[in-house]
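Taken in order, these protein sequences are the chains called G and W.
Each residue of the first sequence is one higher than the one before, starting from 1006 at the first, in this note's numbering.
Each residue of the second sequence is one higher than the one before, starting from 81 at the first, in this note's numbering.
Careful: at least some of the hints might be erroneous.
Here are the in silico distance ranges between beta carbons for each label pair [as the list claims (entries may be wrong)]: (1) 221(W) - 1415(G): 44 to 52 Å; (2) 1432(G) - 396(W): 48 to 56 Å; (3) 442(W) - 1371(G): 50 to 58 Å; (4) 1317(G) - 407(W): 48 to 56 Å; (5) 406(W) - 1434(G): 52 to 60 Å.
Because the hints were derived from the structure by calculation, they are not lab data.
Beta carbons: idealized from backbone N, C-alpha and C, even for Gly.
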Amino acid sequence: MANFSKSGGHRFAVDVYQNTHLPEGGREVDAIVTVTATGGGTTATTPLVPVVPHQSPSSYGPQPAGPDAAVVVMVDCSGSMDYPPTKMRNARAATAAAIDTLRDGVAFAVVAGTHQAKEAYPGGGRLALADATTRQQAKEALRKLTPGGGTAIGTWLRLADQLLETSEAPMRHGILLTDGRNEHEEPDALRASLEHCAGRFTCDARGVGTDWEVKEVTAIASALLGTADIVADPAGLAADFTRMMETAMGKEVADVALRLWTPQGAEVKFLKQVAPALETLTERRVDAGPRIGDYPTGSWGDESRDYHLCVRVPAAAVGEEMLAARVSLVLPTPDGSSPRVLAQGLVRAVWTDDLSASTSINAQVAHYTGQAELARYIQEGLDLRRSGDLDGATAKLGRAVQLANRSGNEDTAKLLAKVVDVVDAATGTVRLKATVTAEAQMTLETRSTKTVRVKK
Amino acid sequence: MSQVPRPSQLTACPACREPLDPADNFCGGCGADLSAVPSPALLDEGPADYRLALPDPGARAAARAPLVPPAPPGDGPHRPAWPPGADASAGPGAPDPRTGAVLGVPPQAGHAAPGAPPGPGAVRPGAGGTGRSCGACRSGMIDKDGYCEHCGHAQPRERDHMEHELPGVAAVSDRGLRHHRNEDAYAVSAIALADGAPATVAVVSDGVSSATRPDEASAAACAAARELLVTALPQGEDPREATHDAIMRAAEAVNSLAAPARGPLEHDPHRHENAPACTIVTAVVAGDLLTVGWVGDSRAYWVPEDRSTQPARLTEDDSWAAQMVAAGLLTEAEAYADERAHAITGWLGADAYEVEPHTASFHPDRKGVVIVCTDGLWNYAESAELMAEVTPPDARTRPLECARQLLAHALDGGGHDNVTVAVLPFPLAPEGAGSA
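Using the sequences plus the hints, can you model the full thing?
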């Protein structure tokens, strides 16, 4: 089932994969919903190709009336960025590379973050419009960034929010770089800042080195619908920042919500994004009418994401058919009237006494259930290892190795192999490595939620 | 066709008070489906002991205006209009072989022949919603996908129950009690042969549930086979040859469904490995000749009016059990006790190796009826003797009533599958298709 709709040149399609059949008395309906956005075509869609810095604004077509995107880069300038000094140097170079990747006409600013947030460029509580001149000025301003002071990430996000607030651009995005723990503000203060910023802009978060807290960085990305990753070697920052900015520039439709209609008496057991990475959305529901709830998905470029939906519906008699959920992608309208539906798909339930029909598990559902288990085993395994329960850690990580192997999640399998010695991947027989680098452990933890799609 | 008949006495829309024409199936003002309004009128027209009792709309139309079709509805070209009754084919001018033809499939199947307009109560989704309210929870309205926007229950579909009667042939098809949709289809026609003599045609098909879109397969097969028969027979083609050709044409029609038709298919590379498929059985009564043709396990039975004489099954299933028995490997009882008994060994569809239509002709020497049905019926009356036992004595004179009673028998037995049955009286009554 595919259903298309265009939005600003973008076409959204919704495909539903499920076993519609339920046994007599069955109530739980699982479905994988694949949302694919294609089209646009005004931006780079191959993020791995290095981008040549823009030479001249005149070589580009007519500029739109206002910027369609606004980006704030938040660079950690705390004292620890000086150890080793290459860290600050690489952070500057990475920010410069990101600025070079800015499309002409995009509004941008650079925030220098310590125990407080300062505008590094352009200053005056505003954003600059990207062109050759402002890009040059921004890079000059980066040279003046010097390490010193503490870390209070909440203040950086608040300042980024204030700056983005001055722009009417529909796509508002942040890129945050930190190298240490959020030591100079209470966890509650960061949480409050995240709550304040959620839905106002999206944000990717990166931890450089190995002295930062994985759960802090992933929480920022999760709350602000962005990506989280580790850049253990500062030398890799420039390439990573370029990629992130290219992805941000490729976003063309902002504030897309996944809208769920479920029948009277039904309960959404969970809704999670399962590809490209796991993200539970269940708690982010905003009621949008009777039996209707919206879940934020952020902004979209040319990309495809999978969602796992589990609905509990009231049971019906054998032979009955019910619409268990209507999944739509909706775009809010500026005037607040009913949002535009970009695409939709139907999740159905059909009760049958044919056991072979009702007991078969859809391959997509099975696959992503396995990927979610994989992430959970890694998380639990690493937690047990830290707490000293080595037997428990071995069991959990062994199961993770088995699942990663079986589902073809090679990236995760490789990361696991840096934490455990794999004796037999098929049976999940492993031994904990005696010494594990902080980098290996943090990389595994940060990327444990990355999933792979079903092998075709 | 909807489950409840259109109340003929409505003069204004119950929803918006718009005045109605008696032929209206939908309100011209608000679009309400008038067939959804329960009517006491149905009690006069049929048995009320189970959920369906549809008065024959063809007969009604014919009674009201014997020589002209009902007044065309005023609000658009795609309004359903009942075809003129069989009487019309006797009117002056070149007889249209398709006149009086009825297809037991919905018009939106996309394969209905142009001469086979939908029956009343055809459901066409509107832009936003349908304006109908839910029959399950009674509090929600039906959305354009056919589900209640309150409780989510799928609404009765046109194909859930269908029935038609023409002079000399009647058919009924029902979803049954355990399946969520009706994947059976039928097509019936009353035609005039080259010499002006009447003839009747029935086609019944059962979609293979384990294949994709079985409902479309059965609909396409019936439409294609009927189309060929009603074209070839009036041109003087031998009924047995025409039957063979009709089944081959039906096979082509089902094959063509496997071609990519909708949406992007990149994610479904195995689509062709499970192409739509169905069975087919046809019956033609022309003069004193009865011709049947089939592929699969849908059947035709001969039930004589004089029950002291022998009834007969006219078809031989393309099924595992039948092959085992035919090869002498198992007794009938052993074969049908096996769980593979009903696995069919012949079908129409894109992954069938080779379609070999079976045809047979008979010269019945007495009065009786031909029962053409899917396994949803014969599972509850397998042998010819049992089928004769459950066939009412007045089957020949009241074929629609007979079809309804056979359906009721299957539903009483559990209704585990879709049930479709066509009844063709033999010989054709002299007041058949050829006269008013």
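Hint by hint, here is what the structure shows:
1. 221(W) - 1415(G): 44 to 52 Å: 50 Å, holds
2. 1432(G) - 396(W): 48 to 56 Å: 53 Å, holds
3. 442(W) - 1371(G): 50 to 58 Å: Once the Cβ atoms are compared, 53 Å apart, the range 50 to 58 Å for residue 1371(G) and residue 442(W) holds.
4. 1317(G) - 407(W): 48 to 56 Å: The hinted range 48 to 56 Å holds for residue 1317(G) and residue 407(W), with Cβ atoms some 50 Å apart.
5. 406(W) - 1434(G): 52 to 60 Å: 55 Å, holds
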